[in-house]
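S.K.: Produce the entire structure from the sequences given, and follow the hints as far as they go.
There are 2 protein chains.
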Amino acid sequence: MTATRFPDAASLRERVQTVLDEFLARQDHSLAAVSPDLGALMEAVTELLRGGKKLRSAFCYWGWRGAGGADDADDELIVRVGAALEMFQAAALLHDDVMDGSDTRRGRPAAHRRLAELHRTQGWKGSSDAFGVAGAILAGDLCLSWSDEMFTGSGVPDAQLARGRGIFDQMRTEVMAGQYLDMFEQVQPSTTVARARRVIRYKSAQYTVEQPLVLGGSLAAAPAELLARYSEFGLALGEAFQLRDDVLGVFGDPTETGKPAGDDLREGKRTTLVAAALERAGEREEATVRRLLGRADLDESGVADLRQVIVGTGALDHVEQLITARLGEALAALDAAPVTPAAAGALRELAVAATSRAA
Amino acid sequence: MTATRFPDAASLRERVQTVLDEFLARQDHSLAAVSPDLGALMEAVTELLRGGKKLRSAFCYWGWRGAGGADDADDELIVRVGAALEMFQAAALLHDDVMDGSDTRRGRPAAHRRLAELHRTQGWKGSSDAFGVAGAILAGDLCLSWSDEMFTGSGVPDAQLARGRGIFDQMRTEVMAGQYLDMFEQVQPSTTVARARRVIRYKSAQYTVEQPLVLGGSLAAAPAELLARYSEFGLALGEAFQLRDDVLGVFGDPTETGKPAGDDLREGKRTTLVAAALERAGEREEATVRRLLGRADLDESGVADLRQVIVGTGALDHVEQLITARLGEALAALDAAPVTPAAAGALRELAVAATSRAA
Numbered sequence: 005m006t007a008t009r010f011p012d013a014a015s016l017r018e019r020v021q022t023v024l025d026e027f028l029a030r031q032d033h034s035l036a037a038v039s040p041d042l043g044a045l046m047e048a049v050t051e052l053l054r055g056g057k058k059l060r061s062a063f064c065y066w067g068w069r070g071a072g073g074a075d076d077a078d079d080e081l082i083v084r085v086g087a088a089l090e091m092f093q094a095a096a097l098l099h100d101d102v103m104d105g106s107d108t109r110r111g112r113p114a115a116h117r118r119l120a121e122l123h124r125t126q127g128w129k130g131s132s133d134a135f136g137v138a139g140a141i142l143a144g145d146l147c148l149s150w151s152d153e154m155f156t157g158s159g160v161p162d163a164q165l166a167r168g169r170g171i172f173d174q175m176r177t178e179v180m181a182g183q184y185l186d187m188f189e190q191v192q193p194s195t196t197v198a199r200a201r202r203v204i205r206y207k208s209a210q211y212t213v214e215q216p217l218v219l220g221g222s223l224a225a226a227p228a229e230l231l232a233r234y235s236e237f238g239l240a241l242g243e244a245f246q247l248r249d250d251v252l253g254v255f256g257d258p259t260e261t262g263k264p265a266g267d268d269l270r271e272g273k274r275t276t277l278v279a280a281a282l283e284r285a286g287e288r289e290e291a292t293v294r295r296l297l298g299r300a301d302l303d304e305s306g307v308a309d310l311r312q313v314i315v316g317t318g319a320l321d322h323v324e325q326l327i328t329a330r331l332g333e334a335l336a337a338l339d340a341a342p343v344t345p346a347a348a349g350a351l352r353e354l355a356v357a358a359t360s361r362a363a
Numbered sequence: 005m006t007a008t009r010f011p012d013a014a015s016l017r018e019r020v021q022t023v024l025d026e027f028l029a030r031q032d033h034s035l036a037a038v039s040p041d042l043g044a045l046m047e048a049v050t051e052l053l054r055g056g057k058k059l060r061s062a063f064c065y066w067g068w069r070g071a072g073g074a075d076d077a078d079d080e081l082i083v084r085v086g087a088a089l090e091m092f093q094a095a096a097l098l099h100d101d102v103m104d105g106s107d108t109r110r111g112r113p114a115a116h117r118r119l120a121e122l123h124r125t126q127g128w129k130g131s132s133d134a135f136g137v138a139g140a141i142l143a144g145d146l147c148l149s150w151s152d153e154m155f156t157g158s159g160v161p162d163a164q165l166a167r168g169r170g171i172f173d174q175m176r177t178e179v180m181a182g183q184y185l186d187m188f189e190q191v192q193p194s195t196t197v198a199r200a201r202r203v204i205r206y207k208s209a210q211y212t213v214e215q216p217l218v219l220g221g222s223l224a225a226a227p228a229e230l231l232a233r234y235s236e237f238g239l240a241l242g243e244a245f246q247l248r249d250d251v252l253g254v255f256g257d258p259t260e261t262g263k264p265a266g267d268d269l270r271e272g273k274r275t276t277l278v279a280a281a282l283e284r285a286g287e288r289e290e291a292t293v294r295r296l297l298g299r300a301d302l303d304e305s306g307v308a309d310l311r312q313v314i315v316g317t318g319a320l321d322h323v324e325q326l327i328t329a330r331l332g333e334a335l336a337a338l339d340a341a342p343v344t345p346a347a348a349g350a351l352r353e354l355a356v357a358a359t360s361r362a363a
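Listed in order, the protein sequences are those of chains A and B. In terms of my numbering, the first sequence is residues 5 to 363. In terms of my numbering, the second sequence is residues 5 to 363.
Bear in mind the hints are in silico, worked out from the structure with no lab data behind them. Treat each hint with caution, since some may be false.
Stated by the list, open to error - A short, non-exhaustive set of chain A residues, derived as facing chain B with CB atoms under 10 Å: (1) V38; (2) K129; (3) Q192; (4) F255.
Glycine residues also receive a C-beta, built at the ideal position from the N, C-alpha and C atoms.
M.R.: Given below as structure tokens:
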């Protein structure tokens with residue numbers, strides 16, 4: 005028996021980071037030749053990509069290994085495909101923060117705020133905020149193009165890559181569509197749990213777990229039955245993950261989430277948590293939600309009032325039960341999946357970590 | 005001798021439009037299955053792509069034909085690559101209009117204004133403008149992903165497509181970089197003709213003519229010498245085209261440009277025209293420019309004052325001379341290029357049309 009090289013979560017994340025760093029260094033080199041003024045734009049992208057859990061690349065990697073993809077030189081190619089997914093995620097976050105007007109991301113100022121601050125400290129002309137927004141839009145556009153460049157240039161042979169192209173394309177379209185629906189829900193007069201779950205499905209559940217996993221599997225020529233199990237596992241886990249994210253967005257510790265406490269409430273996000281609270285609310289509780297949700301100036305005591313409604317109506321319990329149920333479904337699908345034992349172990353670990361109460 | 009099928013500008017444009025329409029109809033079908041609420045997003049994209057001169061697809065097509073690419077079934081594949089370039093251009097315009105805060109595009113309301121108006125008339129919650137901006141960002145993101153999907157899915161065989169991939173990637177990165185530099189120049193205390201021309205080069209000159217032409221040539225395996233001539237022709241013509249666009253942005257007829265008169269002045273664009281005026285301005289003229297350029301509330305009489313400075317300093321004459329000189333260089337490069345006679349004729353016609361005084 006030969007020893008298996010078995011990348012743990014941290015070392016896999018490091019390999020993905022190395023691919024990203026090398027790619028960005030090459031781009032930085034080309035762009036510096038165009039103009040040194042592009043430095044701030046590159047920095048915004050580089051800074052963002054230094055953080056994050058890099059879940060999508062991990063699911064892509066294990067989707068491939070689980071389908072029998074070898075732990076040899078080829079596995080570097082799949083790490084590169086995973087890095088392309090992280091680059092796409094960076095684009096989504098850059099634009100999301102502009103659209104939501106978020107101040108922070110991963111505990112640091114969001115890119116548009118960082119660029120606005122540069123404008124301000126340099127005493128440049130015109131609006132600092134407009135400069136920041138435009139810079140972050142362009143930074144996101146660069147990441148979108150680069151994601152594709154990294155995917156196509158991963159070194160995975162064309163015929164093999166073609167098997168994953170459909171899911172890559174579908175993922176990109178559906179994430180944008182999901183983000184539009186998210187924003188659309190926020191401006192509607194009311195919401196329902198069913199509508200909030202539809203947003204979750206397209207914006208996040210498919211994209212966080214299922215699509216990366218199926219992509220990795222497709223590249224390893226996984227049989228249809230395995231891909232179907234991956235989908236079951238991925239959709240259930242992706243929803244559990246998003247629900248956990250929603251809970252952390254209201255009850256999470258800011259030092260761990262990297263976002264101010266109650267930020268989701270201030271932005272008026274129509275999460276399943278909020279929808280469940282509204283469905284269960286009495287008149288007075290409903291009035292509290294209508295009065296406070298989405299107020300940009302919501303203070304600590306307003307956050308506390310909304311938390312009280314979410315707990316008091318039983319919405320938090322309901323969502324915690326949903327998380328447990330979805331995680332259970334995901335793990336059952338994994339047990340039934342014909343994956344290699346190493347991949348089963350790694351995917352189980354990822355599933356539990358992604359939905360645990362710590363951020 | 006067999007008769008040559010010889011697509012004129014209008015019929016080529018129609019073929020590109022058909023490819024775009026068919027692609028969009030497929031996406032519309034998929035997105036409608038996700039949610040009917042996505043209709044407005046699709047409409048914004050479809051509406052934008054119905055207009056425009058479709059210059060980039062024309063240059064791509066003739067770059068390919070000029071390098072000996074045949075006028076047979078394969079030429080449909082190049083039309084599809086050209087359509088991918090138009091999809092990329094749509095993304096650039098959607099985001100550009102958000103960044104510039106432009107009200108109109110191609111004579112119609114810009115996408116972000118159209119979506120803000122929908123929000124307003126439906127009486128939805130929150131800020132109509134923020135909804136419009138977010139929708140247009142997402143519409144642009146969709147177009148960016150779709151551009152890549154169309155390029156890769158064009159049907160051009162992988163090995164052949166790989167020859168054009170580098171230029172496609174470079175184009176995307178440099179357009180974003182150029183847009184950032186454009187915005188960067190607008191907030192600097194002063195500008196020079198040299199700096200304004202650097203912006204033109206990356207934002208527009210390479211991208212409008214040179215890169216599509218070289219892309220088409222590369223796909224037809226053009227020899228290095230022809231590609232070098234294409235570059236010469238394309239860079240010179242691209243700059244002439246952008247200079248013409250700058251002149252039309254100040255002096256053009258709104259019914260032909262699709263933009264209100266003097267819109268570039270209102271947005272404070274640091275064009276070569278403005279830079280040339282400032283370099284030639286006396287004290288009083290400089291004061292007029294500093295007082296009026298970039299004022300969102302600039303009225304007819306303010307536009308007239310600025311025009312007067314641009315004419316009076318000789319800046320307009322200077323730029324008209326630059327246009328004539330660049331067009332001459334472009335045509336000389338074309339004469340020296342070993343292209344097929346049909347392509348030479350078509351490229352000459354495109355060059356003259358793209359830089360003529362009519363919009």
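S.K.: Against this structure, judge whether each hint is valid.
M.R.: Hint by hint, here is what the structure shows:
At a threshold of 10 Å, the smallest CB-CB gap from V38(A) to chain B is about 5 Å, leaving the interface hint in force. A least Cβ separation of about 5 Å between K129(A) and chain B falls short of the 10 Å threshold, and the interface hint therefore holds. Because the closest C-beta pair between Q192(A) and chain B is about 7 Å apart, less than 10 Å, the hint holds. Interface hint status for F255(A): violated, as the beta-carbon distance to the closest one in chain B is roughly 25 Å, over 10 Å.
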